[in-house]
Structure formats: structure tokens, C-alpha cells
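Novice: Chains A and B, in that order, are what the protein sequence lines are.
To convert a position in the first sequence, counted from 1, into our numbering, add 39.
To convert a position in the second sequence, counted from 1, into our numbering, add 4.
Rather than coming from a laboratory, the hints here were simulated on the basis of the structure.
It is possible that part of the hints are untrue.
[Stated by the list, open to error] Simulated crosslink set (EDC-like; lysine to aspartate or glutamate; CA at most 16 Å straight-line):
1. B:LYS217 - A:GLU121
2. B:LYS217 - A:GLU113
3. B:LYS170 - A:ASP199
4. B:LYS170 - A:ASP125
5. A:LYS178 - A:GLU196
[As the list claims (entries may be wrong)] The following label-pair restraints were derived from C-beta to C-beta distances:
6. A:ASP199 - B:VAL200: 30 to 38 Å
7. A:THR68 - B:GLY197: 30 to 38 Å
8. A:ARG100 - B:ASP232: 15 to 23 Å
9. A:SER111 - B:GLY197: 17 to 25 Å
10. B:LYS76 - A:SER141: 56 to 64 Å
11. B:ALA49 - A:TYR49: 35 to 43 Å
12. A:GLY162 - B:VAL238: 37 to 45 Å
13. B:ASN243 - A:ASN81: 45 to 53 Å
14. B:VAL238 - A:ASP85: 44 to 52 Å
15. A:ALA102 - B:GLY197: 16 to 24 Å
Nothing here was measured: the structure is a model prediction, and the numbers come from that model.
Ideal Cβ placement from N, Cα and C applies to all residues, glycine included.
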Amino acid sequence: MPVTSASITYGEYPSVAERADALGVRRPTGLTMLPRNFATANAGDDLLAEATDSAVRTLWRQADLEEERLDSPEAPFPRLSEHHADWIGPTIFVSSALLSESSALVAVALGVITNYVTDLFKGVPGRHTASLKVVVERKNGDCVSVAYKGPATKIGEIMDAVTDLTSSDG
Amino acid sequence: MPSRTSPAAMASPGDDPDRVDVPEIAEFDAAMEAVNDVHAAALPAVRSLALQRDAADAYDGLVQEAARLKAKVVERGDEDSAARLLCGECVAGALMSTLRLWIAFKEGDMSTAWNRTVDAQVAWTGALRAHPIGAQFRRLAVVPFQVEHVLFPHIAFMSTGMIVRKSECTICGETPGECDHIRGHVYGGKFAGILVTEAEPREVSIVDVPADKRCRVEQITSDDVTRDALTWEVLKTANGADEVA
Numbered sequence: 040m041p042v043t044s045a046s047i048t049y050g051e052y053p054s055v056a057e058r059a060d061a062l063g064v065r066r067p068t069g070l071t072m073l074p075r076n077f078a079t080a081n082a083g084d085d086l087l088a089e090a091t092d093s094a095v096r097t098l099w100r101q102a103d104l105e106e107e108r109l110d111s112p113e114a115p116f117p118r119l120s121e122h123h124a125d126w127i128g129p130t131i132f133v134s135s136a137l138l139s140e141s142s143a144l145v146a147v148a149l150g151v152i153t154n155y156v157t158d159l160f161k162g163v164p165g166r167h168t169a170s171l172k173v174v175v176e177r178k179n180g181d182c183v184s185v186a187y188k189g190p191a192t193k194i195g196e197i198m199d200a201v202t203d204l205t206s207s208d209g
Numbered sequence: 005m006p007s008r009t010s011p012a013a014m015a016s017p018g019d020d021p022d023r024v025d026v027p028e029i030a031e032f033d034a035a036m037e038a039v040n041d042v043h044a045a046a047l048p049a050v051r052s053l054a055l056q057r058d059a060a061d062a063y064d065g066l067v068q069e070a071a072r073l074k075a076k077v078v079e080r081g082d083e084d085s086a087a088r089l090l091c092g093e094c095v096a097g098a099l100m101s102t103l104r105l106w107i108a109f110k111e112g113d114m115s116t117a118w119n120r121t122v123d124a125q126v127a128w129t130g131a132l133r134a135h136p137i138g139a140q141f142r143r144l145a146v147v148p149f150q151v152e153h154v155l156f157p158h159i160a161f162m163s164t165g166m167i168v169r170k171s172e173c174t175i176c177g178e179t180p181g182e183c184d185h186i187r188g189h190v191y192g193g194k195f196a197g198i199l200v201t202e203a204e205p206r207e208v209s210i211v212d213v214p215a216d217k218r219c220r221v222e223q224i225t226s227d228d229v230t231r232d233a234l235t236w237e238v239l240k241t242a243n244g245a246d247e248v249a
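Kindly generate the complete structure, drawing on both the sequences and the hints.
Specialist: If you want it as C-alpha cells, here you go:
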């Protein structure tokens with residue numbers, strides 16, 4: 040059962056390596072955006088990216104962060120576009136290899152996303168909700184997730200939750 | 005000097021301590037001041053229709069003027085001035101939409117009044133996002149959001165879900181994510197967006213907070229009576245006879 044604390048939800052996530060094998064996509068070993076239905080899709084052809092992944096891709100590139108893509112620029116995953124005002128971020132996968140090599144890089148990668156979303160909605164009237172999920176791979180290959188859903192301007196709260204999660208696999 | 009008691013008198017892209025001396029911005033400031041001096045008095049809802057129609061046209065002219073001046077600074081590659089003028093363009097647009105909202109409301113055209121309310125919300129949001137100087141308009145920007153709750157009933161909004169196969173960056177035409185433009189940021193005096201060029205519909209949902217509040221339920225049928233969702237006027241009855249709307 041997922042445990043919910045305020046607008047942060049912790050949960051289990053299927054083994055990303057096993058799902059990648061089942062879907063016929065590469066096993067991610069670094070910083071990756073997972074399609075929304077990565078955990079449930081029947082085949083690689085069914086995978087659907089989030090509409091916001093393009094902004095995150097550009098933000099990461101401009102921050103000199105190396106993204107490991109499951110698709111390619113020539114054959115990108117189709118994107119889900121849902122015309123509501125919420126900002127639905129992609130699912131960010133952090134491999135155990137990346138965590139052991141450079142956990143600071145994870146903070147930077149999430150920081151550029153949360154700063155972008157906060158700036159986008161700061162001071163703007165109206166109700167703006169944002170969501171972002173981070174999947175962290177344990178050393179044994181198991182995966183856990185932490186998800187934020189709440190006011191867009193408070194999305195930075197996910198940072199502490201991710202730090203807690205990544206530091207508990209000592 | 006413009007009256008500082010008028011909200012519109014604040015509306016100037018160069019009106020901040022860090023103002024840069026750019027001729028196009030000075031020109032726009034002067035044009036904005038001139039329009040405010042004559043027409044800002046028409047902004048309260050109770051002013052006469054004739055005054056408000058003239059004022060709406062004047063602010064519309066200011067929108068065009070901002071776009072013209074913006075094109076000049078963009079040609080010089082002056083990104084900051086272009087963003088300031090985009091802010092001014094949005095402010096003028098917000099004031100114009102507010103006036104057109106009052107006009108439509110008084111004329112009994114509630115559908116148009118709603119659309120102009122949303123236009124004003126979008127324009128103020130644009131002003132806030134275009135450039136840091138937009139922060140001075142935060143207090144004014146909430147007005148059309150308050151109007152939404154005071155003048156209109158609860159509205160059911162529609163949202164279309166799509167699977168996007170192909171799309172383009174509205175700034176450069178590249179595939180989004182492959183270029184350096186980020187959705188919502190300003191480049192050359194324009195907001196970067198995504199133009200969907202190939203998609204398949206997935207679902208239509210009723211949502212509380214849609215991307216576009218103009219996508220709404222317009223008619224409601226209950227017990228064989230169809231009503232306008234805004235005015236509650238009966239549009240059609242069980243026997244199919246149209247009522248006078």
C-alpha cells in the first residue's frame with residue numbers, strides 16, 4: 040500500500056530493467072524519462088510519453104545533464120496531450136548506478152524541473168496543480184517511487200522526499 | 005502626467021527602476037500614457053457603453069502598436085526589450101478584453117462576455133510571465149479571475165485528450181525537445197508553444213481546470229428541456245419547439 044504524506048506519495052514500482060526487457064527497449068542505466076504507461080504497457084509500440092517531456096529534455100540539455108533516452112529523436116514516442124491546466128511532469132528514473140556515481144546530479148536534474156515549474160506559475164492567479172514522479176532503483180534492482188501532486192509553486196517539496204529515498208539505500 | 009490612481013496608469017513596460025533607454029519602449033510608454041489619459045476612465049464596469057467602445061478600440065490599437073514596435077527590437081536582436089513590449093502588448097490586451105467583457109455583459113451577450121473574461125485572464129497571465137516587470141500587475145491580474153466567480157455560474161469545462169504523433173516548436177518549427185526553446189518561455193517577443201500537426205483523439209473529459217476555459221458546456225438538457233448553460237434561458241422543449249432565446 041502506498042503511504043501518503045501531505046501531497047507526497049511513496050510507492051512500489053516494477054523493476055525498470057525487467058519492464059525494459061519485456062517492452063523491448065534498452066535498460067536505462069542513467070537519468071531517464073519513463074513513458075507514462077511504462078509500468079503497464081503491453082508492448083514497446085504502446086508507450087506514450089508525457090507532453091512535458093520536451094521541456095524537461097531541453098532544460099536538462101541546457102544544464103549539461105546527459106539524458107539516456109528510451110526512444111530516439113528520429114522515432115520519438117507519441118506524446119499524451121491532455122488539455123487541462125495541470126502540469127504533469129514525466130516520470131524520472133534514477134538508476135542505482137547513477138546514484139552511486141553522482142547523487143548530486145540527481146538533485147540538479149530535479150532542481151531544473153522544479154525551478155521551471157515554480158517560475159512558470161509564480162504569481163499567476165488561479166489554481167495550478169503540478170505532478171511529478173521519480174522512480175529510484177535500489178542496489179538490488181527493486182524500484183520505489185515518490186510522487187508529488189499539489190500546488191505547482193510547491194513542487195520543490197519533492198526534492199527532500201527524493202533525498203530521503205536515495206539516502207536510505209546505504 | 006497620467007493619474008496614478010487609475011490601474012491602467014500603471015500599465016507601462018518601462019515603468020520600473022531598471023528601465024532601459026530603448027526608443028521603442030519610450031515610444032510605447034508614451035502611447036500607453038496617451039491612451040490611459042483619455043480612456044482609463046472607461047475601465048470601471050458602470051461607465052457608458054459609448055465610452056467603453058471607444059476605449060476598447062484605443063487599447064486594441066495599443067496592442068497593434070506594441071506588436072509593431074516589438075518587431076523592430078526583435079530585428080535588432082534585443083530580447084529583453086522584446087519581452088518588455090510583449091508584456092505591454094499583454095497589458096493592453098487585458099484592458100481591451102476587460103472593456104469588451106463589460107460591453108458584451110451590458111448587451112446581454114453572455115457567451116461573449118465569458119470569452120472576453122477568459123481573454124483577460126490569459127492576457128494578464130501573459131503579462132506576468134513575459135518579463136519580470138509584469139510583477140507590478142499582480143493585483144490587477146486577479147480581477148478577471150474574481151469576475152469569473154462573481155458574474156458567472158459554476159461552469160463545466162471540456163478537455164480533449166490526444167495522442168500526438170507530430171508537433172512543432174512555435175518558435176523554430178523543430179520537434180519540441182530537439183531545439184533550445186522551452187514552452188512558456190519568451191523568445192523574440194513571443195511565448196514558445198507546441199503546435200500539434202498530427203494527432204489522434206483519445207478522450208473528451210469534463211474537468212475543473214481546463215487548458216482553455218472557452219471549451220465549456222454551452223447547453224444543458226434535463227427533463228427534456230434544453231437551457232443555455234450561462235443564461236439559463238430555455239432553448240428547446242420536449243416537443244422540439246424552439247423557445248425564444
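Novice: Run every hint past the structure and note whether it holds.
Specialist: Hints versus structure:
1. B:LYS217 - A:GLU121: This hinted pair holds, its Cα atoms lying about 14 Å apart.
2. B:LYS217 - A:GLU113: violated, 35 Å
3. B:LYS170 - A:ASP199: violated, 36 Å
4. B:LYS170 - A:ASP125: With Cα atoms ~22 Å apart, B:LYS170 and A:ASP125 exceed 16 Å; violated.
5. A:LYS178 - A:GLU196: violated, 25 Å
6. A:ASP199 - B:VAL200: 30 to 38 Å: holds, 36 Å
7. A:THR68 - B:GLY197: 30 to 38 Å: Between A:THR68 and B:GLY197, where Cβ atoms are some 34 Å apart, the hint holds.
8. A:ARG100 - B:ASP232: 15 to 23 Å: The hinted range 15 to 23 Å is violated for A:ARG100 and B:ASP232, with Cβ atoms some 49 Å apart.
9. A:SER111 - B:GLY197: 17 to 25 Å: For B:GLY197 against A:SER111, whose Cβ atoms are near 24 Å apart, the range 17 to 25 Å holds.
10. B:LYS76 - A:SER141: 56 to 64 Å: Check failed, 46 Å falls outside 56 to 64 Å.
11. B:ALA49 - A:TYR49: 35 to 43 Å: violated, 50 Å
12. A:GLY162 - B:VAL238: 37 to 45 Å: holds, 42 Å
13. B:ASN243 - A:ASN81: 45 to 53 Å: Once the Cβ atoms are compared, 50 Å apart, the range 45 to 53 Å for A:ASN81 and B:ASN243 holds.
14. B:VAL238 - A:ASP85: 44 to 52 Å: holds, 47 Å
15. A:ALA102 - B:GLY197: 16 to 24 Å: holds, 22 Å
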